[in-house]
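**Q** As a plain string of letters, each chain reads:
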Amino acid sequence: MTKPESEWTWKELTVGNVVLEPGNASQYRTGDWKTLKPVLNRELCIHCGLCYIFCPDMAYSLNAEGYFISDLYYCKGCGICAKECPTGAITMVVEEEK
Amino acid sequence: MTENLNVFAVRTLTQKEYFAPGHRSCQGCAEALAVRLVAKALGRNVIVAAATGCMEIVSSPLPFTSWRVPWFHVAFENAAAVASGVESALKVLMRKGRIPHKKIVTIAMAGDGGTADIGLQALSGALERGHNMIYICTDNEAYMNTGIQRSSSTPFGASTTTSPVGRVTSGQMTWKKNMPAIAAAHNIPYVATACPSYPIDLVQKVKKAAAVEGPAYVHILSVCPTGWRSAPELSIRLGRMAVETGVFPLYEVEQGRYHLSLDFPKLRPIKEYIKLQGRFRHLSDSMIEEIEKRIHQEYAQLREKSGKASYEE
Amino acid sequence: MGKRVGMEVSIAAAEAVKQANVDVISAYPITPQTHVVEHLSELVANGEMDAEFFCVESEHSALSVCVGSEATGARSFTCTSSQGLALMSEITYIASGLRLPIVMVISNRTLSAPLSIWNDHSDVMSIRDCGWIQLFTENGQEVYDHIFIAYRLAEDREVLLPVIVNMDGFILSHVIEPIELIEQEKIDRFLPPYQPLHRLHPDRPVTMGAFALPSIFAEAKKAQEVVLRSSLSQILQTWKAFGDMTGRYYKPVETYRTEDAETLLITMGSFGETASVAVDRMREEGRPVGLVKLRLWRPFPFDEFKKATLSANQLVVIDRAVSVGGPGGPVASEVKAALYGEEQRPRVYNFVAGISGRDVTPQDYVKMVDKAEIEIEEGNREGYEIYGVRE
Numbered sequence: 001m002t003k004p005e006s007e008w009t010w011k012e013l014t015v016g017n018v019v020l021e022p023g024n025a026s027q028y029r030t031g032d033w034k035t036l037k038p039v040l041n042r043e044l045c046i047h048c049g050l051c052y053i054f055c056p057d058m059a060y061s062l063n064a065e066g067y068f069i070s071d072l073y074y075c076k077g078c079g080i081c082a083k084e085c086p087t088g089a090i091t092m093v094v095e096e097e098k
Numbered sequence: 001m002t003e004n005l006n007v008f009a010v011r012t013l014t015q016k017e018y019f020a021p022g023h024r025s026c027q028g029c030a031e032a033l034a035v036r037l038v039a040k041a042l043g044r045n046v047i048v049a050a051a052t053g054c055m056e057i058v059s060s061p062l063p064f065t066s067w068r069v070p071w072f073h074v075a076f077e078n079a080a081a082v083a084s085g086v087e088s089a090l091k092v093l094m095r096k097g098r099i100p101h102k103k104i105v106t107i108a109m110a111g112d113g114g115t116a117d118i119g120l121q122a123l124s125g126a127l128e129r130g131h132n133m134i135y136i137c138t139d140n141e142a143y144m145n146t147g148i149q150r151s152s153s154t155p156f157g158a159s160t161t162t163s164p165v166g167r168v169t170s171g172q173m174t175w176k177k178n179m180p181a182i183a184a185a186h187n188i189p190y191v192a193t194a195c196p197s198y199p200i201d202l203v204q205k206v207k208k209a210a211a212v213e214g215p216a217y218v219h220i221l222s223v224c225p226t227g228w229r230s231a232p233e234l235s236i237r238l239g240r241m242a243v244e245t246g247v248f249p250l251y252e253v254e255q256g257r258y259h260l261s262l263d264f265p266k267l268r269p270i271k272e273y274i275k276l277q278g279r280f281r282h283l284s285d286s287m288i289e290e291i292e293k294r295i296h297q298e299y300a301q302l303r304e305k306s307g308k309a310s311y312e313e
Numbered sequence: 001m002g003k004r005v006g007m008e009v010s011i012a013a014a015e016a017v018k019q020a021n022v023d024v025i026s027a028y029p030i031t032p033q034t035h036v037v038e039h040l041s042e043l044v045a046n047g048e049m050d051a052e053f054f055c056v057e058s059e060h061s062a063l064s065v066c067v068g069s070e071a072t073g074a075r076s077f078t079c080t081s082s083q084g085l086a087l088m089s090e091i092t093y094i095a096s097g098l099r100l101p102i103v104m105v106i107s108n109r110t111l112s113a114p115l116s117i118w119n120d121h122s123d124v125m126s127i128r129d130c131g132w133i134q135l136f137t138e139n140g141q142e143v144y145d146h147i148f149i150a151y152r153l154a155e156d157r158e159v160l161l162p163v164i165v166n167m168d169g170f171i172l173s174h175v176i177e178p179i180e181l182i183e184q185e186k187i188d189r190f191l192p193p194y195q196p197l198h199r200l201h202p203d204r205p206v207t208m209g210a211f212a213l214p215s216i217f218a219e220a221k222k223a224q225e226v227v228l229r230s231s232l233s234q235i236l237q238t239w240k241a242f243g244d245m246t247g248r249y250y251k252p253v254e255t256y257r258t259e260d261a262e263t264l265l266i267t268m269g270s271f272g273e274t275a276s277v278a279v280d281r282m283r284e285e286g287r288p289v290g291l292v293k294l295r296l297w298r299p300f301p302f303d304e305f306k307k308a309t310l311s312a313n314q315l316v317v318i319d320r321a322v323s324v325g326g327p328g329g330p331v332a333s334e335v336k337a338a339l340y341g342e343e344q345r346p347r348v349y350n351f352v353a354g355i356s357g358r359d360v361t362p363q364d365y366v367k368m369v370d371k372a373e374i375e376i377e378e379g380n381r382e383g384y385e386i387y388g389v390r391e
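Protein chains in written order, with the working numbering: chain A, 1 to 98; chain B, 1 to 313; chain C, 1 to 391.
A portion of the hints provided could be inaccurate.
If we take Cβ atoms under 7 Å as the criterion, some of the chain C residues that face chain A in the derived model are [unchecked claim]:
hint: 1; residue: 186
hint: 2; residue: 207
hint: 3; residue: 220
hint: 4; residue: 356
Everything labelled a hint here was simulated from the structure, so no lab data went into it. Glycine included, every Cβ here is placed at the ideal spot set by N, Cα and C.
Just chain A, with the same shape it has in the complex (with noise of 0.2 Å):
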């Protein structure tokens, strides 16, 4: 766990600032911004995976059994998905407060 710039001291920087754990952003909870989040109609899946390969988040992957669900860790509830799903198998809902 790479910990908040604000509690870094000016010892504990690297040579010339540079970030040696690659991809350490995905720790952020980008989901945390969004008020609507992607529901998906198992029936009219046809996993294609064009809710996958556009989502600008990467918050799609293939589960076990084949179908593409959201992250809703990382997804910003942009609604692409819902949107390009050939057979409207994702409907964007509001998400409930926690």
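Go by the hints and put chains B and C onto chain A.
**A** Below, chains B and C alone, put in the same frame as chain A:
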């Protein structure tokens, strides 16, 4: 050479993400998607030299990075120059035996501002020198990162914060600079236009650019819901419409020979594309007509260059 | 003892770059740097040097190329002057912030306007705060020597900062001087191949050049500042190692006939040699005048400078650049700042001389010292003038 994938098979692409989630782009950012697809196309053996811009800011807030490949940001106007340095270093270090021989693709990545405006000089120099690298321009048609100011890549009539709609002038009053043509004029082996709404096409073109010896230039239209004032869920649709209306035709220039990736017997009416974007909201019907006329003219010219017979209208 | 040849200093600098096994050279021509890059291009074209040499389309790109290649682990070099330095100045700050050990020779030339191709220090003075280690040389031998010194110093793991070697344009760059060349085996021992701490390579993907929010920026700048200041110890060590190898020992502050001196001339760059002739003349007349030459400009060698100058009554600082509207020439301002905290400190009289390459003869130094001594005696604690301007 990559096989021509005639089937729209998304699952033939690698599942790996070299551009990690958790980046801070806006909802529905098609530029982030473009970058994601480029990263998928090229894999892990790359070095990216990026210019200042949206993609740089959203992916590299110290001490975090969204990059799972080597990535370097220096300044705004010199992505091509930095990439030239990286490419030369790899060349000489491998030649001198200081690092093992390995195919590592050098990429320069910049936005439309960092390419067509401030970055044009460095790009031209790099292309002329013939470095073995790919230059990717992700074009969201304005200086989005600094707050939607116009660039020379902003389309005619678009409203931006420095080409606003006022009593005297309405929006951008100059035509979009033709960057792919400028790149092609440098006689480089490969130039292409692409759009993330056509992901397989984009990936194929980037792979082709990587396989080519010498400089390659790929210009990618990146729909920006924030700057274009469009709904975030429409980003893919708008990209498709840009292609279907002839606003952003998909084509390649290989060794100086043009060919269209997608040809339309009849271009979609521009009004359908325009009405979905707030930045064009102020356009009068006559302005739209003028724009459409010119778009059709340029598309016809492109078709001619691609050796296609003209359509009987 | 190496071979001693008469060689144009620019050529000597290029030969040193060749001997230093530089990997990447980016070049953009500007008078009076051109002979350096021309000779380098010949060396590469003839196969005498194995490097990637290419001409870029501007100085801004010249340094950007070096930043890219250095980050990938290749020893990189560029050379510029005046307007070119001003154009690439944006990147100089970036190169030091990114801790890339690039070495750059600046063939000092004045900044426009009016346009002038001749020598002064206004170009390098415009990037005082860029964060590079900055050295001044006095003659051709020093230019040649300092290429090796600069690379070894820059690439030192405790340093990892870019280094500027300043040589006065035309006055040094275009003159033929006796240069003692160093044998290649000695250079290879003194300067082993560059081993970067971090490099761009897919085997270990790193991100360089991330942006910093206000909450972390101050820490990043402090880290950079501390490194530059503390690099002084590595600079001294490198000079010692070089001296052990060649017999030529360099110091951050060089003194000439300063024992019991009441008046000290302070110079930087090629002024030093001419000033020493003037000091000899004045000493012959029994005047207690000495010369202090600043070789290290950044990090400013406070302790060494104070040690060399505190015992004098007055310092006559000869600047080679005008700090327009400022508190005197750049060197004089910094000298005064360096001495400010001392209880007892000499008076400082400042002349700006030799700008845009105007000749400064030993006689001029004598006149300057005369003027300063008279003024100070009349009670003017400090003074400033551009020497030799026709009224």
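**Q** Against each hint, give a clear statement of whether it holds in the structure.
**A** Each hint, compared with the structure:
A hinted interface residue such as residue 186 of chain C counts as satisfied when its beta carbon comes closer than 7 Å to some beta carbon of chain A; here the least separation is about 29 Å, so the hint is violated. With 7 Å as the threshold, the beta carbon of residue 207 of chain C comes within range of chain A, its nearest partner Cβ sitting at about 4 Å, so the hint holds. Checking residue 220 of chain C against chain A by beta carbon gives a least distance of about 5 Å; that is within 7 Å, so the hint holds. The restraint placing residue 356 of chain C at the interface with chain A is violated, with a minimum CB-CB distance near 37 Å, outside the 7 Å limit.
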